[in-house]
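Enquirer: Sequence:
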Amino acid sequence: MEARGFRLLDDAGKTQAVLDATVLGARLRLYDAAGEMRVGLTVTASGSGLALCDAAGEVRAQLGVTASGSGLGLSDAAGETRVELNESTNGPALGLYDAAGKERAALSVRADGARLILRDAAGEPRAGLFVRADGPVLTLLDAAGKPVARLP
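Going by this note's numbering, the sequence shown opens with residue 1, and the numbers climb by one from there.
Honestly, the hints are just simulated from the structure, not real lab data.
Be aware that one or more of the hints could be misleading.
Said to hold, decoys possible - Just the calculated beta-carbon pair ranges, DEER-fashion: (1) 85 - 24: 19 to 29 Å; (2) 100 - 135: 30 to 40 Å; (3) 103 - 13: 19 to 29 Å; (4) 145 - 19: 46 to 56 Å; (5) 68 - 24: 15 to 25 Å.
Every residue gets a Cβ at the ideal spot worked out from N, C-alpha and C, and that includes glycine.
Construct the complete structure from the given sequences, taking the supplied hints into account.
Expert: Take a look at the structure:
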């Protein structure tokens with residue numbers, strides 16, 4: 001059997017899954033009993049992705065893979081990204097965001113070392129910890145971005 005698309009129905013005739021081929025690539029969508037999409041899987045020329053949705057059909061988790069890297073995003077019930085985990089040619093990175101969408105903490109590993117940046121509610125850096133080949137550095141900044149303490 002060959003087809004451009006396939007719809008899986010339950011005994012009541014409600015759509016439970018859709019598998020189709022679009023101009024962008026293949027797509028699989030799974031639906032709950034209320035008819036909301038809960039899982040979406042796509043494969044395109046640029047990569048692949050997985051979306052997991054809540055009962056309202058809002059995407060709450062995304063996983064994607066492309067030639068340049070991979071990433072995972074987690075969103076809250078309001079649709080704001082709260083966690084991003086990425087792996088790319090620059091190295092791995094983790095970002096944590098507040099309810100307003102501002103990045104509050106970032107952890108990354110690069111060729112020159114590891115870093116942790118903590119930001120205030122305005123998104124301004126307030127503390128940074130860097131670990132490089134020559135040793136660690138801790139810097140604390142005031143609200144204006146001026147260093148108030150540095151170790152060593």
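Enquirer: Take the hints in turn and mark each one as holding or not.
Expert: To see whether the hints hold, each was checked on the structure:
Between residue 85 and residue 24 the CB atoms are about 25 Å apart, so this pair conforms to the stated range of 19 to 29 Å. Remark: the range hint 30 to 40 Å for residue 100 to residue 135 is upheld by a beta-carbon distance near 35 Å. The given range of 19 to 29 Å is broken by residue 103 and residue 13, whose C-beta atoms sit roughly 46 Å from each other. At about 52 Å, the beta-carbon gap between residue 145 and residue 19 stays in the expected band of 46 to 56 Å.
The supplied range of 15 to 25 Å is met by residue 68 and residue 24, whose beta-carbon atoms lie about 18 Å from each other.
In summary, the structure is inconsistent with hint 3 from the numbered list given earlier, while agreeing with all the others.
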